[in-house]
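There are 2 protein chains.
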Amino acid sequence: MGKKWEIEKNDCERLVGFNVRKVSVIGAAYTKFGEHWEKSFRELAVEAGVKALENAGVEGKDIQALYGASMASGTFIGQEHVGALLADQMGLNPIPAIRCEAACASGGVAFRQAYLAVASGAYDIVAVGGVEKMTDVSVEEAATALGGAGDQEWELFYGATFPSIYALMARKYLHDFNAKEEDFAAVAVKNHYNGARNPLAQYQKEITIEEVMNSGYIATPLKLLDCSPITDGAAVAILCASELAKKYSDLPIEILASAQASDTLALASRHCLTELHATKIAAREAFKQAKLEPKNVDVVEVHDCFTNAEVMAIEDIGFFEKGKGAKATSDGATALNAQISVNTSGGLKSCGHPVAATGIKQVCEIVEQLRGGAKQRQVSNAEIGMTHNVGGSGATAVIHLFKRGD
Amino acid sequence: MGKKWEIEKNDCERLVGFNVRKVSVIGAAYTKFGEHWEKSFRELAVEAGVKALENAGVEGKDIQALYGASMASGTFIGQEHVGALLADQMGLNPIPAIRCEAACASGGVAFRQAYLAVASGAYDIVAVGGVEKMTDVSVEEAATALGGAGDQEWELFYGATFPSIYALMARKYLHDFNAKEEDFAAVAVKNHYNGARNPLAQYQKEITIEEVMNSGYIATPLKLLDCSPITDGAAVAILCASELAKKYSDLPIEILASAQASDTLALASRHCLTELHATKIAAREAFKQAKLEPKNVDVVEVHDCFTNAEVMAIEDIGFFEKGKGAKATSDGATALNAQISVNTSGGLKSCGHPVAATGIKQVCEIVEQLRGGAKQRQVSNAEIGMTHNVGGSGATAVIHLFKRGD
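Protein sequences appear in the order of chains A and B.
In this text, residue positions in the first sequence follow the working numbering: the first is 1296, and each later residue adds one.
In this text, residue positions in the second sequence follow the working numbering: the first is 1296, and each later residue adds one.
Treat each hint with caution, since some may be false.
Note that the list lumps identical chains together, so a pair holds whenever it fits in one copy or between two copies.
[Said to hold, decoys possible] No farther apart than 20 Å at their CA atoms in a straight line, the calculated lysine to any residue pairs in the SDA-like style are these:
(1) K1327 / L1348
(2) K1317 / G1416
(3) K1334 / E1448
(4) K1619 / L1631
(5) K1334 / F1452
(6) K1327 / K1500
(7) K1590 / K1617
(8) K1334 / W1449
(9) K1583 / G1416
Think of the hints as simulated: they come from the structure by calculation, not from any bench.
Take the sequences, apply the hints, and build the full model.
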C-alpha cells in the first residue's frame, strides 16, 4: 500500500469550522419497504412525506426547500425532474426543489445538502426525501440500471453487475484474512433477526446460517441470502435549525457531523479490494467534526448492500480492526445491544433497499433509536447514533453522526 | 386568474438575508456544442473541466467540492453516479461530489447549490459542471428520455413529448395576444445571428424568417426551426468566495442573486398557459436579492428551448409586458445591443442544448460578456448579466444575477 493511498489530507476539513448553527432532525418516517405493485413512485413519496410531517409536527407551508433523492427514476419509471415532482405532489410549490443523486448514496448526499442548507442559515426548515420504485421493471433491467452506479465503460459494459463487483471484494477478503463464508452469513442472520422486529421491513423473517449457506450462489462467494433485495419504498426526514427545533418536537435529534468523500468508480483503479477508502475518509472526518471516537457510538446503520459490505464498513469506520470484522460478527459483537448495535432496522439486507430511500431510512432508524421508540429492537440507552451510506462499490461514502436531545 | 395564483408570499425570501459572504465566478468554460460522436460523456466533462480550471487560474487540488449536473445520463449512456464519476475522471478524489438534477434546469440548480455551499462558508472554492451526451441514442429514445422532464404519468405516458407541450403554450399565446408565427420565428433568426458569431455554437449559421416559416411543422404551430436541437456538450464554472477571488482572477464576476422556484409538472394543473409562474417568482426574488430591476440588466441568457419559451421568458422576467414580447422581438428590441441583449450565445436554439450543460453554458456566456471578451457578439459596456434556466415546461426555474467586478 503506497503512501499516495494513505489518508494524508482531507479537503473536507474546511467544514469543521463552518457550522453557522446547529441542525436537528425533528421528524422522520418511511413507508413499508417491499413490492408495492399497487402504489406508484409518487404515491410512495407522498405517503412518507405526510408521515414525516406528522412526525415532525410541522405543516407543508413550514417547509422552505425540498431535497429529493432518486437514483434511477429515469430508467425505472421514465421520470426525471424528481425534485419538482415531489414538491408538486406534496403541495409544496413554489419552494425550491432539487433532486440529488449519488447512486445508492443518493439519500445520504441529499440529507447532507439539506443539512448544509439549514446550517448555513439559508433556510430554517427543509424536507429531504428519497424514493425508488424498482419492481416495475424486470430483474435484468433493474440489474442494468443499478450497474449505472459503477463505471459504465469499464465495468457494466463488460457485464460486471453489482453482485459480481462485491463478490470480487468478498473473495479477496476471505483470502487475505482467513475468513469463512459463514462469517458473512452471520451478517445476514443478524440483520434478519433485527428486521423480523421491524414492522416496516421487507423481510420480517429470521434465517439461519444454514439457510444462507444453502441459498444459491449469485456470484461466488456471495449467495442469494448475502444480497440485499430489489425494493420499492420512500423515506422522508424534516430538518430544522436546532434553536427552533423545540418549538416543533419534544425529542429533536441533533446532527453532530456530516462528512462525505469520493473514490474511483471502477474497482480496477483502487489500491485495495478489502476496504472502501471513501468510508475511511468520511468516518475520520465525521469523528473529527463531532469530537467523538468509534467507541462512543451506540447504534449504527451501515450500508450492507451485500454481507461483506457490512464487514468492510464496520472495519473502515473503526469499530473493528481491518480483518477482524467478519469474526466479530460471527461472535455476536454487532448484535442488538452487544458491543455495537449494527443495522437494527434490519439493514439493506432484511429491511430492503429501495436505493435512494435507504440513506434516509437509515436516518429514520437512528432517530427512532435515539428517541427510544424502537420497541423490540431498541438499543438500551442509545445516545449517539451514526448512519453510513455508500454509492456503488464505494465511489461515494456519506456519514452522519447524531445525538439524542436533552 | 384567481387570487390563489397570484404571487402572494415567497418562501425563498429567507435567502435574502442569509448571505454570509459574497461569491464570485472566477472561471467558466465549455466545449464546442454539437454532435460529438468521437467523444464520450466523460471526455466532454474533462475537456470542459480543464478549460475552466485554466480559465480560473486554479488547480484541481484547490477545488473543495464538486457539483455535477446531468439530466438523463442513465437513459442516454447507462451511467448514474455522475458526481463521483466526474470527481474521479478529473482527479479530484476524495472531495465530496454530488449530481444535481432538475431536468433542463439541472445546470442552473447545480450552480445554485454550489453558490450556497460557498456563500455559507462551508467551502472556499467549488467546481460546478453540467454534461449531457444525447446523440448516442436515437431521436425517438432521446424524445422519450426528455419527456421525463414533464409529468410521466399524465403527459409522456399519453404521448405528449416536449414539442407538443410547448406547442400548446404557443398556440394559446398566439390566440390570446394576437401574435403571429413570424414573431416566434424572429426569435430563431435573432439567436442564429448571435450563434453565427459564437465559435462554440452547434449551428453557426444565420437563417431567415422565410426559412423558419418553411421548415416543417413538428407540433403546430412550432416548426423545426422553432425548436432547440439535440446536442452533446459540457460546461464547467469555478466559484470562489469573493474575498479570495482576486487572488486567482483579475476579472472575477460577482453573483448578486440566486433564486429558484417550482411549479406543477403537468401543464394541465397550471392556471395559465402563456406564462411560467416559476420564472415570475424566481425573477421577482432575484431582483429583490440584488436590489435591481429588469431595466438594469444589460445581457441575459434565457431558456429558449422553443422560440415561444424565449418570448414567455422575457415577459415573465419583466423586460416586456405580458403579450408584448413577441412583437418586441420582431421589432428587434432583443437583438445584440438593442434594448436588452437576449441570448447572445445563440441560446439553446443555435448554440445547442445538451440539457444539463445549458445552465452552466449560460453562466459561461454571461461571464464572457461581463469580462468584455465576447468579440463579435460583445454587448457594449455590459455590467449586469442574468441567466434564466428552466426545467421541463416550467416546473423548475432558476435565475442568477451577475455583476462585472471592479
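Consistency of the hints with the structure:
1. Taking the shortest alpha-carbon separations for K1327 and L1348, only the intra-copy value of 17 Å comes in at or below 20 Å, while the best inter-copy value is 46 Å.
2. Taking CA atoms no more than 20 Å apart as the test, K1317 paired with G1416 passes in both settings, with 10 Å inside one copy and 14 Å between copies.
3. Proximity of K1334 to E1448 under the C-alpha cut-off of 20 Å is restricted to the inter-copy arrangement: shortest distance 13 Å between copies versus 34 Å within a copy.
4. Only within a single protomer do K1619 and L1631 lie at most 20 Å apart by alpha-carbon distance; the minimum there is 19 Å, versus 68 Å between protomers.
5. Taking the closest pair of Cα atoms, K1334 and F1452 come within 20 Å of each other only across two copies (17 Å); inside a single copy the shortest separation is 32 Å, beyond that limit.
6. In this homomeric assembly, K1327 and K1500 come within 20 Å of each other (Cα to Cα) only inside a single copy, at 15 Å, whereas the closest approach across copies is 56 Å.
7. Taking the shortest alpha-carbon separations for K1590 and K1617, only the intra-copy value of 16 Å comes in at or below 20 Å, while the best inter-copy value is 63 Å.
8. Proximity of K1334 to W1449 under the C-alpha cut-off of 20 Å is restricted to the inter-copy arrangement: shortest distance 16 Å between copies versus 36 Å within a copy.
9. For the identical chains of this complex, K1583 and G1416 are inter-copy neighbours only, at 18 Å across copies versus 22 Å inside a copy, given an alpha-carbon limit of 20 Å.
Violated hints for the displayed structure: none, as all numbered hints are satisfied.
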